[in-house]
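Sequences are here, hints too, so could you generate the full structure?
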Amino acid sequence: CETYGDCCDDHGQECSGDGTDGEDGSLSFGEVGEDFATVLFNSSQSIGGFQFIVTGVNLTSAGDAPFFPSGPGTHIVGISFSGSSLPAGSGTLATLEFDPTPNGGTLTIGEVVITGEDGSTLNIAGPGTTDFPPCALANDGTCLSSPTGDGSEADAEGSCVDRCGLFDFNADCQCDAFC
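Under our numbering, the sequence shown has 135 at position 55, and the numbering climbs by one with no breaks.
Since the hints were made in silico from the structure, they are not lab data.
There's no promise every hint is true.
Listed next, with one range per pair, are the computed distances between beta-carbon atoms [what the hints assert, rightly or not]:
(1) Pro182 / Phe161: 35 to 45 Å
(2) Thr201 / Thr140: 26 to 36 Å
(3) Thr222 / Phe161: 36 to 46 Å
(4) Thr172 / Ala216: 18 to 28 Å
(5) Gly221 / Glu177: 18 to 28 Å
(6) Ala216 / Ser162: 32 to 42 Å
(7) Thr140 / Ser165: 20 to 30 Å
(8) Ser124 / Asp220: 49 to 59 Å
(9) Asp220 / Glu177: 20 to 30 Å
(10) Ser124 / Gly163: 12 to 22 Å
(11) Ser124 / Leu217: 40 to 50 Å
Note that the coordinates shown come from a computational prediction; the quantities given were computed from them, not determined experimentally.
Glycine included, each C-beta is placed from N, C-alpha and C at the ideal position.
Here you go:
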């Protein structure tokens, strides 16, 4: 199945199928950048585990959740072996990190299964797709390396590139002040 609305019968659940909140809540995208996207949850039930497939990006990290490349997408599995769960309410389910691309693109999350802390399948809809912006380009047209976290980055040749207009870098290619 390609979207949460089409695959619910496969998993014995009932879903709205129209992208709106399911009976137990919803997933949505939070902040999205050139190399990351946050997946947010809003749930009336505690979340004991989750799994979904990510397509459209070359995933490099899923936060603390294990991930497994498989076919045209990457399976993400989030489970606590200590028995802990995410409390009912809202928050961050996962932060996905991926390789940036010169043209940006579309990230898709499908085949979502969310379970309660008792192992029952929850009826949680979303998140679907989101666009991510293109990366900052080096002079040779390739993406710059990952940001240093302060608005500067090192390009492919190791030269500092100013992303915050300060033009004052230390030896680690970091701006002397935050953007």
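Status of the hints after comparison with the structure:
1. A C-beta distance of roughly 39 Å is found between Pro182 and Phe161, which places it inside the suggested range of 35 to 45 Å.
2. Checked against the given bound of 26 to 36 Å, the beta carbons of Thr201 and Thr140, roughly 29 Å apart, stay inside it.
3. Judged by the Cβ atoms, the range 36 to 46 Å given for Thr222 and Phe161 holds: they are separated by roughly 40 Å.
4. The supplied range of 18 to 28 Å is met by Thr172 and Ala216, whose beta-carbon atoms lie about 25 Å from each other.
5. For the pair Gly221 and Glu177, the supplied restraint of 18 to 28 Å holds, since their beta-carbon distance comes to about 23 Å.
6. For the pair Ala216 and Ser162, the supplied restraint of 32 to 42 Å holds, since their beta-carbon distance comes to about 40 Å.
7. At about 26 Å, the CB distance of Thr140 to Ser165 agrees with the hint of 20 to 30 Å.
8. Remark: the range hint 49 to 59 Å for Ser124 to Asp220 is upheld by a beta-carbon distance near 51 Å.
9. Checked against the given bound of 20 to 30 Å, the beta carbons of Asp220 and Glu177, roughly 23 Å apart, stay inside it.
10. Between Ser124 and Gly163 the beta carbons are some 21 Å apart, a value that agrees with the proposed interval 12 to 22 Å.
11. In this structure the hint that Ser124 and Leu217 lie 40 to 50 Å apart at CB holds, the actual value being about 44 Å.
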